[in-house]
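**Q** Chains as they are written, first to last, in numbering that gives the first Met the number 0: chain A, 0 to 460; chain B, 0 to 195.
Because the hints were derived from the structure by calculation, they are not lab data.
Glycine included, every Cβ here is placed at the ideal spot set by N, Cα and C.
Heads up, a few of these hints could be off.
[Claimed, not checked] Below 30 Å or equal to it, Euclidean Cα-Cα: the simulated DSS-like pairs (lysine-lysine) are: (1) A:3 / A:162; (2) A:3 / B:188; (3) A:162 / A:269; (4) A:164 / B:188; (5) A:162 / A:314; (6) B:188 / A:162; (7) A:164 / A:269; (8) A:3 / A:314; (9) B:146 / A:269; (10) A:173 / A:314; (11) A:164 / A:3.
[Stated by the list, open to error] Coverage of chain B stretches by chain A, computed from C-beta distances (three or more under 8 Å per stretch; other residues unrestricted): (12) 25-31; (13) 46-52; (14) 56-67; (15) 73-85; (16) 103-114.
[Stated by the list, open to error] Label pairs and their calculated CB-CB ranges: (17) A:246 / B:92: 43 to 51 Å; (18) B:142 / A:251: 34 to 42 Å; (19) A:390 / B:130: 53 to 61 Å.
This is what each chain is made of:
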Amino acid sequence: MFEKIWAAHEVVPESAETPAVLYVDLHLIHEVTSPQAFTRLRSRGLSVRRPDRSLATLDHATPTDTQQVFGGVPIRLESAARQIAELERNAAESGIELLGLRDERRGIVHVIGPELGVTQPGMTIVCGDSHTSTHGAFGTLAFGIGTTEVGHVLATQCLLQRKPKALAVEVRGKLSRGVGAKDLVLAIISQIGVAGGSGMIIEYRGEAIRALSMDERMTVCNMSIEAGARAGMIAPDETTFEYLRGRPRAPSGADWDRALVAWRQLPSDKGAAFDREAALDAADVEPMISYGTNPGMTIPVGGNIPMRDDEAFLKALRYMGFAPGEAIAGKAVDIVFIGSCTNSRLSDLRAAATLLRGRKVARGVRMLVVPGSQQVKRAAEAEGLHEVFTAAGAEWRESGCSMCVGINGDTAAAGRYVVSTSNRNFEGRQGQGARTLLASPVTAAAAAVTGRVTDPRELMA
Amino acid sequence: MQAIRRIRSRTIVLPAADVDTDQIFPARFLTTTSREGLSQALFADWRFDASGALQPEFVLNRTESTGCSILVAGRNFGCGSSREHAPWALHDYGIRAVISTSIADIFFNNALKNGLLPVLVDAETHLWLLAHPGAEVEIDLEASTVKLPDGRRAGFPMEAFARHCLLHGVDELGYLLSRLPAIEAHERKPARHSPA
Chain A
0 MFEKIWAAHE VVPESAETPA VLYVDLHLIH EVTSPQAFTR LRSRGLSVRR PDRSLATLDH
60 ATPTDTQQVF GGVPIRLESA ARQIAELERN AAESGIELLG LRDERRGIVH VIGPELGVTQ
120 PGMTIVCGDS HTSTHGAFGT LAFGIGTTEV GHVLATQCLL QRKPKALAVE VRGKLSRGVG
180 AKDLVLAIIS QIGVAGGSGM IIEYRGEAIR ALSMDERMTV CNMSIEAGAR AGMIAPDETT
240 FEYLRGRPRA PSGADWDRAL VAWRQLPSDK GAAFDREAAL DAADVEPMIS YGTNPGMTIP
300 VGGNIPMRDD EAFLKALRYM GFAPGEAIAG KAVDIVFIGS CTNSRLSDLR AAATLLRGRK
360 VARGVRMLVV PGSQQVKRAA EAEGLHEVFT AAGAEWRESG CSMCVGINGD TAAAGRYVVS
420 TSNRNFEGRQ GQGARTLLAS PVTAAAAAVT GRVTDPRELM A
Chain B
0 MQAIRRIRSR TIVLPAADVD TDQIFPARFL TTTSREGLSQ ALFADWRFDA SGALQPEFVL
60 NRTESTGCSI LVAGRNFGCG SSREHAPWAL HDYGIRAVIS TSIADIFFNN ALKNGLLPVL
120 VDAETHLWLL AHPGAEVEID LEASTVKLPD GRRAGFPMEA FARHCLLHGV DELGYLLSRL
180 PAIEAHERKP ARHSPA
């Protein structure tokens with residue numbers, strides 16, 4: 000599949016002297032990694048070559064506080080307000096469509112692409128964000144780039160790339176009850192390691208992958224970068240097509256029929272060769288949680304922190320305030336964050352709400368629920384999910400990256416424990432000195448209810 | 000971009016594996032619209048304590064690190080976010096090369112585009128460098144070798160086009176722009192896998 004998409008986008012093939020010139024079908028843009036690219040473009044007297052193949056939104060530094068988004072209250076962080084204003088200006092000057100602050104289609108860049116149907120099988124998609132791998136769930140070649148490359152795409156709609164290697168990750172069998180896509184991808188990362196996919200594109204395959212919904216496939220592909228792989232992909236199938244059918248920017252009518260014919264040709268041919276292969280059994284995966292400071296440091300919620308004595312491991316545990324060999328279940332929790340491009344879609348909110356319904360967030364615990372997009376927010380409200388969250392005592396906020404990256408003002412204080420549905424538990428990621436425990440939406444909701452790390456299956460009827 | 004041929008310096012050694020870009024450039028400094036002067040934020044949470052005072056034991060803060068332009072890092076350096084602020088901050092601080100056994104893909108690419116040389120050496124050379132902080136090392140980009148103080152040389156891989164750009168101080172955009180006719184021709188072809 001990867002080879003087919005690569006070949007269809009090669010403008011100039013690679014040679015010993017030069018990398019391939021690779022065509023980019025869709026360039027997604029946000030406020031944090033784009034300003035310097037537009038500045039550089041201007042200083043070289045260049046303009047945006049294909050604004051029609053670009054789509055911009057506001058998510059990373061954008062407030063999730065309703066008053067600041069809709070209530071006319073000024074954006075509290077001045078630097079964030081400047082970045083937002085700068086993207087508004089850059090988009091307007093270059094003719095790029097911006098789903099702006101109060102646009103009902105705004106949201107996290109990796110949530111809105113699929114939601115609007117702009118993400119389609121067989122495409123190449125890039126964005127100045129490492130979680131661009133999310134879009135690979137649709138059988139697209141999608142990866143994160145730096146700001147210099149954002150400038151290259153703005154100016155030429157192309158990138159210079161050497162062809163990466165391919166890693167197949169096969170997931171056999173079926174996931175058990177109470178175990179979801181987040182648990183699966185955390186298990187994959189802990190098996191292959193945080194650099195296990197370096198220099199590679201991962202193709203996820205097998206029975207358990209085929210059984211996942213699109214939301215779940217996005218969760219898996221999203222965290223490919225956490226295994227060191229720039230991109231993760233899943234072959235498109237009927238699940239993919241059903242998701243896309245009728246989306247506002249998906250093809251329609253005769254175009255849809257033509258698209259289907261093309262998309263059905265994308266999956267890897269039988270016997271396609273991979274540079275490396277890995278496999279695991281879905282039945283072995285349990286609800287997972289991280290205990291350390293990288294996404295490879297995860298264990299089953301019912302498990303114990305490993306016994307190791309190397310300095311890096313002990314440093315991570317010191318930061319977390321944990322000791323080798325301890326059980327992770329029962330650890331006290333201060334904040335629960337449901338959100339991020341990993342787990343903020345409607346099905347994630349439904350899963351968390353199912354567990355929270357009729358229950359309360361434990362005393363002393365702060366819970367934030369941040370939908371991935373304004374459309375996710377409205378859809379959740381139409382089902383009454385917001386009432387479940389607010390009745391439980393959680394905050395129901397506007398969409399954005401929020402406490403996943405902590406640059407919009409949504410942060411945790413030093414020493415606090417955050418059970419988070421996001422993707423990175425790096426030191427300081429959610430605030431200076433804050434301690435992150437990565438988990439699925441149901442495990443996060445269970446922690447909110449008990450105020451402790453809890454196996455969600457204990458609270459499921 | 001300045002041309003690079005040789006980098007000769009004593010090394011700073013940061014042996015930790017999996018140093019992510021959130022450590023190199025903490026996220027709270029990302030709401031900048033500039034790419035200049037970012038060294039203030041470099042390793043901010045390791046260089047400074049919560050009150051902003053220097054942490055004297057952190058390697059960058061030791062007197063012997065002053066003026067060093069080569070960083071020897073643990074494996075998988077620069078993992079995590081795609082933020083180019085990480086190589087910008089390192090370069091602004093005066094670092095011109097990072098030596099490791101593995102460097103995360105996006106960081107590696109971003110470094111190349113900013114005159115920060117990502118140098119991958121064999122495990123034996125790496126172990127020697129980790130064990131000898133402050134060693135005087137010479138990186139020869141044209142020959143793609145790292146010369147240790149005892150005269151031993153270790154080769155490192157460097158993609159041909161990136162080497163060309165670094166040696167001549169040119170960026171890749173000029174080359175991409177020179178291929179515009181091919182790009183336009185590609186756009187005229189019917190797309191094979193997308194209906195657009």
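**Q** Take the C-alpha atoms of residue 164 of chain A and residue 3 of chain A, compute the straight-line distance between them, and say whether it is at most 30 Å.
**A** holds, 14 Å
**Q** Just to make sure I understand the rule, a stretch counts as covered if three or more of its residues have a C-beta closer than 8 Å to a C-beta of the chain. Does the segment 46-52 of chain B meet that for chain A?
**A** With 1 residues close enough to chain A, the hint is violated.
**Q** Given the hinted pair residue 3 of chain A and residue 188 of chain B, is their alpha-carbon gap at most 30 Å?
**A** holds, 16 Å
**Q** Take a quick look at whether residue 188 of chain B and residue 162 of chain A sit within 30 Å of each other, Cα to Cα.
**A** holds, 22 Å
**Q** Under 8 Å between beta-carbons, do enough residues of the segment 103-114 of chain B, three at least, approach chain A for the coverage claim to hold?
**A** Holds, because 7 residues of the segment 103-114 of chain B bring their Cβ atoms closer than 8 Å to Cβ atoms of chain A.
**Q** Given the hint that residue 164 of chain A pairs with residue 269 of chain A, test it: the Cα-Cα distance must not exceed 30 Å.
**A** holds, 18 Å
**Q** Starting from residue 3 of chain A, check that the Cα of residue 162 of chain A is at most 30 Å away, please.
**A** holds, 12 Å
**Q** Holds or violated: the segment 56-67 of chain B covered by chain A, criterion of 3 or more residues with Cβ-Cβ distance under 8 Å?
**A** Answer violated; 0 residues pass the 8 Å Cβ test.
**Q** Does the structure keep residue 162 of chain A and residue 314 of chain A at a Cα separation of 30 Å or less?
**A** Violated, because 37 Å separates the two Cα atoms, which is more than 30 Å.
**Q** Quick one, are residue 162 of chain A and residue 269 of chain A close enough, alpha carbons at most 30 Å?
**A** holds, 21 Å
**Q** Given the hinted pair residue 164 of chain A and residue 188 of chain B, is their Cα-Cα distance within 30 Å?
**A** holds, 27 Å
**Q** Decide if the proposed pair is consistent with the structure: residue 173 of chain A and residue 314 of chain A, CA atoms, cutoff 30 Å inclusive.
**A** violated, 36 Å
Violated hints for the displayed structure, listed by number in ascending order: 5, 8, 9, 10, 13, 14, 18.
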